[in-house]
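Asker: In order, the protein sequence lines correspond to chains U and L.
For the first sequence, this note's numbering assigns the number 1 to the initial residue and increments by one for each residue that follows.
For the second sequence, this note's numbering assigns the number 1001 to the initial residue and increments by one for each residue that follows.
Honestly, I wouldn't trust all of these hints.
[Unchecked claim] In silico lysine to aspartate or glutamate, DMTMM-like type, Cα no more than 25 Å apart, as pairs: (1) U:42 to L:1102; (2) U:45 to L:1024; (3) U:45 to L:1072; (4) U:45 to L:1059; (5) L:1009 to L:1102; (6) U:2 to L:1102.
In case anyone wonders, no lab produced these hints; they're calculated from the structure.
Remember, predicted model here, so these are calculated numbers, not experimental data.
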Amino acid sequence: RKEVEQDPGPFNVPEGATVAFNCTYSNSASQSFFWYRQDCRKEPKLLMSVYSSGNEDGRFTAQLNRASQYISLLIRDSKLSDSATYLCVVKRGPGRRALTFGSGTRLQVQP
Amino acid sequence: DGGITQSPKYLFRKEGQNVTLSCEQNLNHDAMYWYRQDPGQGLRLIYYSQIVNDFQKGDIAEGYSVSREKKESFPLTVTSAQKNPTAFYLCASSMDRGLNTEAFFGQGTRLTVV
Chain U
1 RKEVEQDPGP
11 FNVPEGATVA
21 FNCTYSNSAS
31 QSFFWYRQDC
41 RKEPKLLMSV
51 YSSGNEDGRF
61 TAQLNRASQY
71 ISLLIRDSKL
81 SDSATYLCVV
91 KRGPGRRALT
101 FGSGTRLQVQ
111 P
Chain L
1001 DGGITQSPKY
1011 LFRKEGQNVT
1021 LSCEQNLNHD
1031 AMYWYRQDPG
1041 QGLRLIYYSQ
1051 IVNDFQKGDI
1061 AEGYSVSREK
1071 KESFPLTVTS
1081 AQKNPTAFYL
1091 CASSMDRGLN
1101 TEAFFGQGTR
1111 LTVV
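Just chain U, with the same shape it has in the complex (with noise of 0.2 Å):
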């Protein structure tokens, strides 16, 4: 079982629409989430980092559930510019290794 499960996607949703994503992750030990913007052929971006009491900035809310493993990512009101795709990222502590990313949710916004 990979340790960061997305749904590649794609989600097709027209201008307006507000669309959500989830992600799991099997390690009960992280303590650090975030989501990234990755548009094509391009390097991630921090979209926002994911609170335990969940945080939202403009469009975006982040959600985290820790009993069940999975964070999620709501945009609202979605345009255009937000085609990418989304990739779910877990840290397991500072001193551990690494980021940990999902492989990313495909999301296409149609006129």
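Starting from the structure of chain U, add chain L where the hints point.
Answerer: What follows is chain L alone, placed relative to chain U:
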């Protein structure tokens, strides 16, 4: 301008040759990482280093080597022992001190074996 720089952006290698990918950061980050990404795949960890003169193997270290002689630099050598080296290589760095310290990536090197 602070950041992480990879070079070259594109690299072509003949079979049987070793090549070295450069990664430099001026963010004063302790930790540096090398990942490999294949088309339609996620990132897989090759090597990482949390401090100068120390580094650890990741999940797919075979056929690769690294050095960390300076805090700013973490070059990756793709050796002839790597059977399928064509991929997108990404270098990253982070403070690696707190729990929510993000990693910053370079723009990547696309390596093609010809």
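Asker: For every hint, state whether the structure bears it out.
Answerer: Verification of the hints:
no.	hint	result
1	U:42 to L:1102	holds, 17 Å
2	U:45 to L:1024	holds, 18 Å
3	U:45 to L:1072	holds, 20 Å
4	U:45 to L:1059	holds, 22 Å
5	L:1009 to L:1102	holds, 23 Å
6	U:2 to L:1102	holds, 22 Å
Violated hints for the displayed structure: none, as all numbered hints are satisfied.
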